[in-house]
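Undergrad: Each chain, written out:
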Amino acid sequence: MITLNKVIYRYSMADSEKSANLEEVMHFNLEIAKGERVVVVGPSGAGKSTLLNLIAGFIQPTSGEIILNHQNMANIPPGKRPVSMLFQENNLFEHLTVAQNVALGIKPSLKLSREEKQEVIDILSKVGLEKEVKRYPHQLSGGQKQRIALARSLIQHRPILLLDEPFSALDQALRFEMLDLVNHICEAFSLTLMMVSHYLDASLQQFNRCIVINDGTVIFNDEPAALYQPANQTVAELLRLKG
Amino acid sequence: MVPIKTLLPGMFAATTILLIIGVALSSLLIFAWHTGNIAIYFDAYLWHTLQITCLQAALSTLLSILAAIVMAKVLTLVDFRAKSLLLKIMSLTFFLPSLIVVTGIIAIYGQHGWLAKICHWFGLDLHISIYGLQGILLAHIFLNFPYACQLFYHTLMAVPSEQKKLASQLNFSHYIFFKIVEWPRLKRQLLPTALLIFMLCFSSFAIVLALGGGPKYTTIEVAIYQAIRDFELLQAIVLAGLQLICLFLLLVFSNKFNKNSGLNISSVPDDYKLPLSILGYVVTIFILTIGVLFILAPIVAIIVDGIYAFRWSLLTVPLGLAILYSLIIALGSAIVTLLLSLLLLWTNSRLLLKNCLRSSRNLMIVGNLVLMIPSMVLASGFFLIFFPYAEDPLFVSLLMIICNGLTALPFILRVLEIPMYDITRQYSHLAQLLKISGWRHFSIIEYRALKPLLVISFSFAFLLSLGDFGVIALFGEQSINGYSVTTLPYYLYEQIAHYQSGAVTALTLLLLSIALMIIIDRNRTHYDHTK
Amino acid sequence: MFFYRIHLILSKLSIISTFFRYSLFIFPLLFTSAVFGQQPTLTVYSYSSFMSEWGPGEEIKKGFEAECDCQLKVVSTGDGVTILNRLRLEGAKTKADVIVGLDNNLLAQALQADIVVPHEISKPENLNIDWWDENFMPYDYGYFAFIYNQEKITTPPTSLHELIDNRPNWKIIYQDPRTSTPGLGLLFWVQKVYGDDAPKAWQKLAEHTVTVTKGWSEAYSLFLKDEADFVLSYSTSPVVHILNDHDYRYAAAIFTEGHYRQVEVAAIVKQSQQKALAAKFLRYLLTERAQREFAEKNVMYPIIHIPLSKPFYEIKPVTKALEFEPQQIEQNQKAWIRAWQLAVSQ
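Order-wise, the sequence lines are chains A, H and W.
Oh and the first sequence: position 4 is 4 in our numbering, straight run, nothing missing.
Oh and the second sequence: position 162 is 162 in our numbering, straight run, nothing missing.
Oh and the third sequence: position 88 is 88 in our numbering, straight run, nothing missing.
Chain A with its partners taken away, still in its complex shape:
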């Protein structure tokens, strides 16, 4: 379903303190099956978001191929990929109503037919916010905003869902609640999920698989429980996992 074959991504970074350009190289080899739910962890700056941006098509690999749904993604713009993605914040357009924000997932022009309007209401009821259609994002809580964004991803009918720390700003109880919702949705819609997280607590156990990234490459790729095995002690130490 998601295949990264010898993907290399080079980029130069202006170092303001040394006023020199540093070149960074990342390389990924990855195979994720349809319907898998994968959590991606690792130190900050390791390349977790870069991995997701590569898959979504916001950045282009220097070499190698990305195959999604058996289709090579070279030169395919983000809008044409079988992917939808959510971020930690700014997922909603502030001056559009909840309904309009979701409707964008169907048509950017916002001119919806009656059936399409009904579809928006339906999807909103799946995330429990069908009563908020006329409200604006600033009138909603953080958790509600992310649900709306999720609803919009669902209405796009794209088989792969990428989440870049979408619940990090929420408190713990809400975070677990949202994770449950995501799991539930992924099963109901049979989505493939990749989610970047910086929480290394019990939430990891909700995923089929855990990928650890350090210094631009995958150093661990197994089920979450394996992290606590003695063989993976170095990885656990890197993540400062407590056994």
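It should be emphasised that the hints constitute simulated quantities derived from the structure, not laboratory data.
Each hint should be verified, as a subset may be incorrect.
[Said to hold, decoys possible] Subject to a maximum C-alpha distance of 35 Å in a straight line, what follows is the list of computed DSBU-like cross-link-like pairs (lysine-lysine):
hint, chain 1, residue 1, chain 2, residue 2
1, W, Lys-334, W, Lys-200
2, W, Lys-200, W, Lys-62
3, A, Lys-131, H, Lys-187
4, H, Lys-117, A, Lys-117
5, W, Lys-204, H, Lys-117
6, A, Lys-117, H, Lys-216
7, A, Lys-34, H, Lys-273
8, A, Lys-111, H, Lys-117
9, H, Lys-179, H, Lys-216
10, W, Lys-93, H, Lys-216
In this text the structure is predicted, and so the values were computed from the model without any measurement.
On the provided structure of chain A, position chains H and W as indicated by the hints.
TA: For chains H and W alone, coordinates are given in the frame of chain A:
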């Protein structure tokens, strides 16, 4: 209650300002009566003047804003190496002396300017006259559009990259992205920016005088100058009153909307650009090239013409004197401006801290009063009182220091008002605990914390005075035995007549302005870092 | 006037000595008290170009001081109108002894303001024109005319009507009558020739006007830069080109209706405490030396008959002079200016 000690500095400054304005206005009135020259014309020409003033200001504003939006959008679509330099230049053309603008515009678009030469080279005979409305608009757009553009650009760049990524995932076209994401953000900034440009164009003087091409295209400000020159003092007062009413209405209007200026938005480092089609890319590069040429050509023309025309023999004594007078007057008026604004803001910050909003607002209105009263009216008021000294360079210099100092005040207040308040509030409790007040408070807290801002304000006031062509237009003609006060802009105006030799003066003025702008820019970067 | 000669004169001046003089002037108070202490000082109010480096003032000041054992203090202030207004404002307190630089268009206003006394100088025998006044002594005169380049314009207009009707679509530059003497001259000229039809003439002229400039210098240099075919100036303007550059291309278009005449005058101020010295200065202005200065620096005709340099005889002479009575001007000038403003803004 606010202690009298904190009120004193602001009261002193406000009284000084009111006194200066009051004395100038009443002297005009008294002398108008005294000379019996009390004709007032409320005829068709007056309405014509008012109409043209509004029309050219409205057109200038509209075109500047439109161009600024297009150019800002284009700038967000592509990256190139000199972009940050270009943006810096764009934020600075706004403050170029208006006569430099005139010189640059003539050098490019004049009958024998670069444009005509290039067209001639291609076998086209271009016969556009830059005198009249088109010249005024061209100069005003050149002056204002880059400033608006870089403001808009920063607003557009402040759109979170997540939203751009989402937009590309949701298959937004550039039009829909502009409509849904960018326009609502721009809209908030549009009105304050447009009003500022409108007000500056409304009271435009040197540009209209030099490029207006006669009485058909004139502004109230130019009409005031004409009236004063003809000693039709009452007519001058009527015109000044008319201008005051118009600008006051605008100011009230703008205060209603000017809630967030939205400045100081740093662009997001992790930038993402929406995909651009080949056609879109070509159009973008085309617009960008035209925009960059429009902004840079006049400046480059002044530099090239200046270097080309340079002879050692052109570094004459009058030029040296003009530089000397300009520097002395600019230095003096920068001191006046900084002093007055610090006194006003010292009291203002403490009033705000005590929640005396009304007193604070009144104080700021006094500080901004000069924005509505043409400095020409101020200067001629004093000119009439001190007529016997009118050819004394010392007196004329002092007068210009005061007038230019007052003219720059509203701009400096805008720079310093919020930081002064913030710093006072921030250390208010600490200062009370440590019993720091008065002069020590200033030297320990304001001076140290705001030093870069103070340097910016000082250079800014210096720059505004350096480029002033208004008051000197009245006084440049007064002399004893042939010697008179000449500033660079006045000398340049005299030389625009034979613009070959004006090239060196223009270059000198431009280089001085650029030097000041570099100082301002350096300190702004420094201030942003320390904040 | 004649700004473009500045570079010629400047190049002749030694930088060091000039700077020394200028540097003294930065401390004006020191300068005035130190120098004007001993000898009697005659204060002259004049227009600003009189004392400028290209004006006649410097030489006349030197020449007069050499024979009068006095100091001449020339206060320059704008143009003729400014001189007049300044004297009105200062009233009895004025320090002026002599005014130089009013012209025939300001006489009624000056008389009404009651600021001068008769000069009591007898009319010279060898006067060039039929113009003399008991209060105001003429010192030079000239005619307003449109200047063109003979290489570009081969068949120039022979009348004001022909220029204003403008069949060949000539481009014209003139000056604002509110701020410039030639501009005011043209206002009277058109008024004299067209009478009540003047506004229509102005509208016609506006169609072919490149720009209306604030002063003479802007207009003339734009013309020299080829921005227009005709520029309003004086009939004597071609003299400068012949004198300086041996350039015979420029000529004045001579019109059959005649040309409006400007006569520049000097007068003794009523409040002067040194009327004898003032009269002496006025008489000096009529000497051949001073007259030559006026002729060659102002590029005007001298008021008395003196031999002039060759170019003055090589240019086309004006055949008929036009002039309004001072009273007519005083009564109508402002209305005419408003009419002009309105006509050209439509």
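Undergrad: So, for every hint listed, does it hold in this structure?
TA: We went through each hint and held it up to the structure:
no.	hint	in the structure
1	W/Lys-334 / W/Lys-200	18 Å, holds
2	W/Lys-200 / W/Lys-62	49 Å, violated
3	A/Lys-131 / H/Lys-187	30 Å, holds
4	H/Lys-117 / A/Lys-117	61 Å, violated
5	W/Lys-204 / H/Lys-117	31 Å, holds
6	A/Lys-117 / H/Lys-216	59 Å, violated
7	A/Lys-34 / H/Lys-273	30 Å, holds
8	A/Lys-111 / H/Lys-117	52 Å, violated
9	H/Lys-179 / H/Lys-216	40 Å, violated
10	W/Lys-93 / H/Lys-216	40 Å, violated
Violated hints, in rising order: 2, 4, 6, 8, 9 and 10; the structure is consistent with all others.
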